[in-house]
Amino acid sequence: MSAIRLCVCCRKRPVDAAWRPSCNERCKLIDLGRWLDGNYWVTGERMKANDAPS
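Letter by letter, the sequence shown follows residues 51 to 104 in my numbering.
These aren't lab readings, by the way, just hints derived from the structure by calculation. Don't take every hint at face value.
[Said to hold, decoys possible] DEER-style ranges, computed between Cβ atoms:
1) Ala-99 x Leu-79: 28 to 34 Å
2) Lys-62 x Arg-96: 30 to 36 Å
3) Ile-80 x Ala-53: 18 to 24 Å
4) Arg-61 x Asn-100: 20 to 26 Å
Nothing here was measured: the structure is a model prediction, and the numbers come from that model. Backbone N, C-alpha and C define an ideal beta-carbon position, used for all residues, glycine too.
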């Protein structure tokens, strides 16, 4: 039995799997905006500018 996944933005049950993990285009764009604004991040050590892959 799989767990019911809720929309990452509005916490509603998604109807169309095309927008996963969001429930629709609006929530997908809101979530993208949150990433771009720096509201989300991936944990780990911060890289120095000269350590970036080339």
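Verification of the hints:
| no. | hint | result |
| --- | --- | --- |
| 1 | Ala-99 x Leu-79: 28 to 34 Å | 30 Å, holds |
| 2 | Lys-62 x Arg-96: 30 to 36 Å | 35 Å, holds |
| 3 | Ile-80 x Ala-53: 18 to 24 Å | 23 Å, holds |
| 4 | Arg-61 x Asn-100: 20 to 26 Å | 41 Å, violated |
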